[in-house]
Amino acid sequence: MTDFLLRQLRHGVWYHGIDHRSQIDTILSTHGLETLDLQMWPYAMELGASKEAK
Amino acid sequence: MTTPPILRQLRHDVWATEKVIAHCRTLSDAQLDLTAPGTYGTIRRTLGHIVAADTRYLARIGQVVVEPPFREDHDVSLDEIAALLEKVKAAVERVFAGKEFDPDRFVLDTVSQRAPGKPPIEMEPWMMVTQFPHHGSDHRAHIGTILGAHGIETPGLDVWAYGWEIGAIREKR
Chain F
1 MTDFLLRQLR HGVWYHGIDH RSQIDTILST HGLETLDLQM WPYAMELGAS
51 KEAK
Chain Y
1 MTTPPILRQL RHDVWATEKV IAHCRTLSDA QLDLTAPGTY GTIRRTLGHI
51 VAADTRYLAR IGQVVVEPPF REDHDVSLDE IAALLEKVKA AVERVFAGKE
101 FDPDRFVLDT VSQRAPGKPP IEMEPWMMVT QFPHHGSDHR AHIGTILGAH
151 GIETPGLDVW AYGWEIGAIR EKR
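These protein sequence lines are chains F and Y, in that order.
With my numbering, the residue at position 32 of the first sequence is 32, and numbering never jumps.
With my numbering, the residue at position 115 of the second sequence is 115, and numbering never jumps.
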């Protein structure tokens, strides 16, 4: 639970980050440049927090 | 009792979407159909997408708010979006105000469509709880971009505005 609270706190603090990363994404796609997938799925797959059930 | 941080975060997210809806009620239909390059689509479609996705994130951790939400490939009214958001808001309070929610215990994702023969996906629920505000913030930023690009006022949605409104930040007496 502590890890989870830390993650939440980090995300609360980084609300600002999400907002401005979204603007960067808009700029990139407006100019036809490749954008990054910053959603939870790639992050969680990398961590092992999302996986195929056995 | 201390309010769970997760609930505070999701309350802010719901509040921010409510603010956008309230702001959009001051716009004309033509303005709601505005878009800008690099964003999701029109203001109206983006708002509908935010709230419909909220229901899917909750469904993935076993909390079905409504099945199914409205079709996102159709224009929906602000009233329909607001009504669905009310249900999301109630579900957020119901699920995250208590102590039963375990963010680290794997749950089966019954929403993802899997190819035949592929095993289902399981996930730690913190993932959806983090995706919920990430997704909402991302698309609300799109709406802010559209409004700004067309010279229309944007609402203040950050945590400072929220904190002042609910009295979580104030001048010391």
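These are computed hints drawn from the structure, not numbers from a lab.
All values derive from a computational prediction rather than experimental measurement.
C-beta atoms are modelled at their ideal positions from N, C-alpha and C, and glycine is treated no differently.
Possibly wrong hints are sitting among the right ones.
To be verified - Selected chain F positions facing chain Y (in silico; Cβ < 7 Å): (1) Y15; (2) G17; (3) I18; (4) I24; (5) T26; (6) S29; (7) T30; (8) E46; (9) A49; (10) S50; (11) E52; (12) A53.
Original post:
Against the structure shown, which of the earlier numbered hints fail to hold, in ascending order?
Top reply: Result: hints 2, 4, 8 break, sorted rising.
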